[in-house]
Amino acid sequence: MIRDTDKMQLRVIQPEVYPPPDRTDLFKKFPWLSKLAKMRAYPNVLVIPNLVMFWIFLLAGIFGSPAGNRNIMIVFIWILWWFGLITVLVPLGSRSWCTMCPLPFFGDLVQRRAVTYVRKGNSAGTRNQLFGKLRVWPKKLSNIWLQNIGFLCLASFSAHLVTRPMATVLMLGGLIVIATITGYLYRQRVFCNYICPVGGFLSLYSMTSTVELRSRDKNVCKKCTSKACVAGSDKGWGCPWIIYMGKLERNNYCGMCTECVKSCPSDNISLFWRPFCSDKILKGYDEIWKAFIMLVLAMAYSIVLLGPFGKIKDWANIGEVGNYKGFAIYVSILWFAALIALPAVYYVAIRLGRGFASKGLEATGDGAAPSMKDLFIRYGYTLVPLGLMAWIAFSFPLMMVSGSYIISIISDPLGRGWNLFGTGEFPWTPFHPDWMAYIQIPCLMFGLFYSLKCGHELALDLWKDNRRAVTSIIPLAILLTLVTIAFLRMYTG
Amino acid sequence: MNEKIREIVVVTAMIAGFIGAPVFSHYYEAHRDNVAVAAAPKSGKVHTFHLTGIAKPGMWTLDSVEGWNYWWRKPTRFSEMNVTKGDTVIITLTSIDVQHSLKIPALGIGPIEVDPGHLKTISFVADRAGSFPFLCGTVCSCTGTGFACTLVKKHGHEGMTGVLTVTEQLGNPDVKIAVTVSEAKGFDPPEIKAKVGDVVELTVNSKSNGVGQGVGFCISEYETKVDIQGIANGDSRTFKFRADKAGSFSIYSSTKAGEKIDAAAGSFVVGPK
Chain A
4 MIRDTDKMQL
14 RVIQPEVYPP
24 PDRTDLFKKF
34 PWLSKLAKMR
44 AYPNVLVIPN
54 LVMFWIFLLA
64 GIFGSPAGNR
74 NIMIVFIWIL
84 WWFGLITVLV
94 PLGSRSWCTM
104 CPLPFFGDLV
114 QRRAVTYVRK
124 GNSAGTRNQL
134 FGKLRVWPKK
144 LSNIWLQNIG
154 FLCLASFSAH
164 LVTRPMATVL
174 MLGGLIVIAT
184 ITGYLYRQRV
194 FCNYICPVGG
204 FLSLYSMTST
214 VELRSRDKNV
224 CKKCTSKACV
234 AGSDKGWGCP
244 WIIYMGKLER
254 NNYCGMCTEC
264 VKSCPSDNIS
274 LFWRPFCSDK
284 ILKGYDEIWK
294 AFIMLVLAMA
304 YSIVLLGPFG
314 KIKDWANIGE
324 VGNYKGFAIY
334 VSILWFAALI
344 ALPAVYYVAI
354 RLGRGFASKG
364 LEATGDGAAP
374 SMKDLFIRYG
384 YTLVPLGLMA
394 WIAFSFPLMM
404 VSGSYIISII
414 SDPLGRGWNL
424 FGTGEFPWTP
434 FHPDWMAYIQ
444 IPCLMFGLFY
454 SLKCGHELAL
464 DLWKDNRRAV
474 TSIIPLAILL
484 TLVTIAFLRM
494 YTG
Chain B
5 MNEKIREIVV
15 VTAMIAGFIG
25 APVFSHYYEA
35 HRDNVAVAAA
45 PKSGKVHTFH
55 LTGIAKPGMW
65 TLDSVEGWNY
75 WWRKPTRFSE
85 MNVTKGDTVI
95 ITLTSIDVQH
105 SLKIPALGIG
115 PIEVDPGHLK
125 TISFVADRAG
135 SFPFLCGTVC
145 SCTGTGFACT
155 LVKKHGHEGM
165 TGVLTVTEQL
175 GNPDVKIAVT
185 VSEAKGFDPP
195 EIKAKVGDVV
205 ELTVNSKSNG
215 VGQGVGFCIS
225 EYETKVDIQG
235 IANGDSRTFK
245 FRADKAGSFS
255 IYSSTKAGEK
265 IDAAAGSFVV
275 GPK
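Residue numbers (my numbering), protein chains in the order written: chain A, 4 to 496; chain B, 5 to 277.
The following block holds chain A by itself, in its conformation from the complex:
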């Protein structure tokens, strides 16, 4: 729910008349992009090949080599896809992965019973004919808590998931099944909005992205009687994410499927290029806890997968080592750090900052200090740029050290000794591991810089006074700097 205070801040940061000067209308600049988005075949031209690839990955996971570095399921998903997603797609393309993701395909199929055309009708408040039970998702679950917990659960088994193809098959296969069942039971993309663990972190980090799908002029939206973006039309399905473009102000829950581009009778929807970290408003505890979880997991993954700590690796790798006590300790620490320890430290930092900044506030007659709740949630955004860049810093070594597996896997996707293109025996060749620190350090510093910059902007917005704003974020800035130093120490030894 958007509170009134948030709405006020939203107006300050995101003007209603689009595009503001720092936006570039990409559909105007590159008309072919607009044509592509309006094509009925888009995004299925991406989804269907991805689906077939995904099918091959599943087969490889089931019938291929159980050795992770010799199976396309592991190498393409946990090295290539992950690296591409976190370093390119999210920062530069927002949730463009969701546009081409194959997981909800069968859920959509069950609901739409069509792949290449739009069914006209009148189902579930849309102008499309939809099938299935079309229930409304419970309001209590209309947040990303399920995604938060789901992602933590998966992360607990990450050492196993990224090394054993069958574990990844079970996870992704399970997600397809859930997406299909929820597609049958509930209207639109409940799975993507509220369940998909990947969608949860995409929603958070897409806020930093340099692109956005928005209406060009919100006044046109206000006057629009059809609201075809959310209700659908004969040209497009109603927004699967149930978003009315006239009120869309953040990237978080827009899957960029471009159905609104197709449906809009006024051609009022476009893709905009914008500055990094343009969406700055977190709106609830579920979102800020997602930021806590992601930051802790970036550190945990760095320790388990990149670090020299054999004992912790053994604890985490329950499938191979079978140390259940160690695994229980590892999971307990992970969950405690993500759900309690970091939020507690963050709370203390916010509390201290508020205390410092509000000294003498009443005496000067400048009004009351922002509430702790507002500060806690709003300042949470400072964890987002740093978190994203920490994940990018974590992901570079994966690609640089293990990327050469991709070359051999292209020729031997199942790890069964194939040699389709002559590269099956390409040896493991790390790419300049000595360069890693020189990439990771700037990444982290860039993240810290943006976290502090956004923190300052948010503080100004909340306190309306530069001195108080700066004072209020000093403890938080120290905390963020300490986190950055911890990452730097981890990566550079």
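The set of hints was computed from the structure by calculation and includes no laboratory data.
Keep in mind that a hint or two might mislead.
The calculated lysine-lysine pairs, modelled on DSBU-like cross-linking and capped at a C-alpha distance of 30 Å, are [to be verified]:
| no. | chain 1 | residue 1 | chain 2 | residue 2 |
| --- | --- | --- | --- | --- |
| 1 | B | Lys8 | A | Lys136 |
| 2 | A | Lys38 | B | Lys8 |
| 3 | A | Lys38 | A | Lys143 |
| 4 | A | Lys328 | B | Lys78 |
| 5 | A | Lys123 | B | Lys8 |
| 6 | B | Lys107 | B | Lys60 |
| 7 | A | Lys314 | B | Lys78 |
Only a predicted model underlies this, so the values are computations on that prediction, with no experimental measurement involved.
Fit chain B to the given chain A structure using the hints.
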């Protein structure tokens, strides 16, 4: 294009993709097997062994170990390759976990190293009768990186042994001889006898203390026919050959079985018909 036709075309293409992948896989591997057979030397019958090395619990197996059955696998240990002299042997090697290698020391084959998920193929003609141990010749270690590598702690290397037995097609035996080998008595009986032209069925029982590489049994000047190696303590090995040369020939252990057995001697006497 008509809406319905377009829908049918797209859905059909998808289904073709779904079916095409496993079909392609099946035919690719069948074709690869045929190529291996075509590339192998042409002699006698072709025996193909698809060996998979498993570090934990340490074995070669003919079973297919894949992603789906890796966790609850109970593969059968493979330790005996039986072929007839003059036959072609094709061995494909793969590993599911760490680097393994196959070697058959007595035939000068290997070590052929194989990394997880790779495939190595060797082929040869079994032109020498005998019983030849094969084993994993690698002190297996993880070949990947910290990220993609499995954390196998115990290898069980010592379990990855077996025997390639190459026999001659000789029909029913004319003579059956049993010899026991031990530290206490050496070869017992120390002298065995046959006549020229006899088909001899020889059973060697090992009663050694198990030190060394297992008991061997070899007859000088009959090495291409009788070369039994690596019989573990308590095991026995039965083998047939034709005594086609008259004379008295010394018997010795062809594998390092410990000082006493290595020094033990016996004789094989082949009298006139």
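Quick rundown of the hints versus the structure:
The hinted pair formed by Lys8 of chain B and Lys136 of chain A meets the criterion: a straight-line CA distance of about 25 Å does not exceed 30 Å. Only pairs whose Cα atoms come within 30 Å are accepted, and Lys38 of chain A paired with Lys8 of chain B is accepted, the gap being roughly 23 Å. Distance restraint check for Lys38 of chain A and Lys143 of chain A: the Cα-Cα separation of roughly 39 Å exceeds the 30 Å cut-off, and the hinted pair is therefore not satisfied. Between Lys328 of chain A and Lys78 of chain B the CA atoms are separated by roughly 26 Å; this keeps the pair inside 30 Å, and the hint holds.
Under the criterion of a C-alpha separation no larger than 30 Å, the hint pairing Lys123 of chain A with Lys8 of chain B is consistent with the structure, at around 15 Å. Under the criterion of a C-alpha separation no larger than 30 Å, the hint pairing Lys107 of chain B with Lys60 of chain B is consistent with the structure, at around 19 Å. Restraint check for Lys314 of chain A and Lys78 of chain B: the C-alpha separation of about 29 Å stays at or below 30 Å, so the hint holds.
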